[in-house]
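Let the hints inform the model, and build the full structure from the sequences given.
Protein chains: 2
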Amino acid sequence: MADEKGFTLWFTGLSGAGKTTISEIVERELRARGSKVEVLDGDVVRENLSKGLGFSKEDRDTNIRRIAFVADLLSRNGVPVITAAISPYREIRDEARETMGDRFIEVFVKASVEVCAERDVKGLYEKAFKGEIKEFTGVSDPYEAPPNPEIVCHTEQEAPEESAQKLIAYLEERELIPAREAATV
Amino acid sequence: MADEKGFTLWFTGLSGAGKTTISEIVERELRARGSKVEVLDGDVVRENLSKGLGFSKEDRDTNIRRIAFVADLLSRNGVPVITAAISPYREIRDEARETMGDRFIEVFVKASVEVCAERDVKGLYEKAFKGEIKEFTGVSDPYEAPPNPEIVCHTEQEAPEESAQKLIAYLEERELIPAREAATV
Chain A
1 MADEKGFTLW
11 FTGLSGAGKT
21 TISEIVEREL
31 RARGSKVEVL
41 DGDVVRENLS
51 KGLGFSKEDR
61 DTNIRRIAFV
71 ADLLSRNGVP
81 VITAAISPYR
91 EIRDEARETM
101 GDRFIEVFVK
111 ASVEVCAERD
121 VKGLYEKAFK
131 GEIKEFTGVS
141 DPYEAPPNPE
151 IVCHTEQEAP
161 EESAQKLIAY
171 LEERELIPAR
181 EAATV
Chain B
1 MADEKGFTLW
11 FTGLSGAGKT
21 TISEIVEREL
31 RARGSKVEVL
41 DGDVVRENLS
51 KGLGFSKEDR
61 DTNIRRIAFV
71 ADLLSRNGVP
81 VITAAISPYR
91 EIRDEARETM
101 GDRFIEVFVK
111 ASVEVCAERD
121 VKGLYEKAFK
131 GEIKEFTGVS
141 DPYEAPPNPE
151 IVCHTEQEAP
161 EESAQKLIAY
171 LEERELIPAR
181 EAATV
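Chains A and B are the protein sequences, given in the same order.
Going by the numbering used here, the residue at position 111 of the first sequence is 111; the numbering climbs one at a time, nothing skipped.
Going by the numbering used here, the residue at position 66 of the second sequence is 66; the numbering climbs one at a time, nothing skipped.
In short, the hints are calculated from the structure, not lab data.
One thing to keep in mind: the hints can contain errors.
Intra- or inter-copy, both count: the list cannot distinguish identical chains.
[What the hints assert, rightly or not] Below are the DSSO-like pairs computed for lysine-lysine, each with C-alpha atoms no more than 27 Å apart in a straight line:
id : residue 1 : residue 2
1  : LYS127    : LYS51
2  : LYS134    : LYS166
3  : LYS127    : LYS5
4  : LYS5      : LYS51
5  : LYS134    : LYS51
6  : LYS36     : LYS5
7  : LYS122    : LYS5
8  : LYS5      : LYS130
9  : LYS127    : LYS36
10 : LYS127    : LYS57
11 : LYS122    : LYS36
12 : LYS5      : LYS134
13 : LYS57     : LYS122
14 : LYS166    : LYS36
Given below as structure tokens:
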């Protein structure tokens with residue numbers, strides 16, 4: 001069994017940018033290699049840790065701090081974590097980075113509001129543009145892009161598989177995940 | 001290195017019964033054996049996951065469900081966890097047991113209200129009896145003792161070290177922790 005090295009792939013990006021899609025591919029690949037992994041998706045966390053919180057800056061910050069608290073607990077015990085919440089505010093992401101040190105790997109899942117709105121997988125942008133959803137990141141609420149993320153996934157140009165492959169390559173290079181077995185290459 | 005087996009020592013008992021004291025001894029012993037361990041103390045969790053929640057039944061339940069969510073995440077990834085919150089309601093503890101299956105080990109830290117109030121380590125019982133603290137478990141709020149805990153620590157009769165030793169012996173018997181090295185016996 002490989003050494004267990006905890007880390008947190010901290011996805012950040014607009015709704016519809018591709019965070020969940022890419023995280024699912026990376027999760028599958030890690031499991032295929034016999035690695036542990038936990039995905040802390042925005043919706044899962046809101047349900048289990050943050051019910052009752054809204055989308056004001058204060059409530060968003062609290063939600064993200066809770067995700068960081070749990071990601072830290074897991075990753076410092078050797079468990080790979082993927083967080084896939086919008087996490088729009090730079091300051092709170094930087095707090096998470098400070099807590100986790102070099103276990104924190106920031107992944108900017110980048111796509112413009114226009115492209116995300118075109119995709120509109122959950123139909124949320126339409127409602128946001130009509131004003132039916134308030135405080136919607138990128139429309140009526142700010143998104144602060146990370147200035148120095150470890151990795152950028154340009155999902156307007158890259159397919160999700162390409163973005164995922166880039167992340168896997170990064171993790172391999174840092175020797176944070178087991179190598180793929182020769183037979184499967 | 002020993003196999004890593006996740007489990008949750010789920011302490012339950014009144015304020016002042018000895019949960020934190022015993023958990024600290026067990027934590028130290030596990031670390032001395034090279035085992036991982038995370039302690040989710042009531043106060044730590046309220047600070048990091050449940051700020052803003054009060055002590056109504058509903059808020060207590062939410063707090064305990066969050067502890068269970070995190071304990072499950074850790075223990076299913078091979079990390080030993082100790083939770084040390086009062087967790088007064090049977091139904092929610094049973095939910096946690098259902099989620100974690102045989103990883104869930106209920107530890108009833110047992111002492112009467114009278115004895116806990118005599119100890120009154122944090123001065124809380126005095127305030128509760130005067131009515132300065134509302135909804136205080138055992139005084140003005142219910143405590144539902146577990147009918148079938150895996151382990152009972154009778155802290156009116158046992159020293160904290162004895163209680164801790166009982167827990168360690170139980171974990172050894174179930175082969176959930178590394179044996180103590182011969183040299184240290």
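Here is how each hint holds up against the structure:
With identical chains, the CA atoms of LYS127 and LYS51 are at most 27 Å apart within one copy only, with a shortest distance of 22 Å there and 31 Å across copies. Taking the closest pair of Cα atoms, LYS134 and LYS166 never come within 27 Å of each other, the shortest separation being 34 Å inside a single copy and 55 Å across copies. In this homomeric assembly, LYS127 and LYS5 never come within 27 Å of each other (Cα to Cα): the closest approach is 42 Å inside a single copy and 47 Å across copies. In this homomeric assembly, LYS5 and LYS51 never come within 27 Å of each other (Cα to Cα): the closest approach is 31 Å inside a single copy and 31 Å across copies.
Taking the closest pair of Cα atoms, LYS134 and LYS51 come within 27 Å of each other both inside a single copy (18 Å) and across two copies (24 Å). In this assembly of identical chains, the alpha carbons of LYS36 and LYS5 lie at most 27 Å apart whether taken from the same copy (10 Å) or from different copies (14 Å). In this assembly of identical chains, the alpha carbons of LYS122 and LYS5 never lie at most 27 Å apart, being 35 Å within a copy and 39 Å across copies at closest. In the homo-oligomer, the alpha carbons of LYS5 and LYS130 never lie at most 27 Å apart, since the shortest distance is 46 Å inside one protomer and 51 Å across protomers.
Taking the shortest Cα distances, LYS127 and LYS36 never come within 27 Å of each other, neither inside one copy (38 Å) nor across copies (47 Å). Taking the closest pair of Cα atoms, LYS127 and LYS57 come within 27 Å of each other only inside a single copy of the chain (20 Å); across copies the shortest separation is 36 Å, beyond that limit. In this homomeric assembly, LYS122 and LYS36 never come within 27 Å of each other (Cα to Cα): the closest approach is 29 Å inside a single copy and 41 Å across copies. For a Cα distance limit of 27 Å, the shortest separation of LYS5 from LYS134 qualifies neither inside one copy, at 40 Å, nor across copies, at 45 Å.
Proximity of LYS57 and LYS122 under a CA criterion of 27 Å is satisfied intra-copy only: 22 Å inside one chain copy versus 35 Å between copies. With identical chains, the CA atoms of LYS166 and LYS36 are at most 27 Å apart within one copy only, with a shortest distance of 19 Å there and 32 Å across copies.
In terms of the numbered hints stated before, the structure departs from hints 2, 3, 4, 7, 8, 9, 11, 12, listed from lowest to highest.
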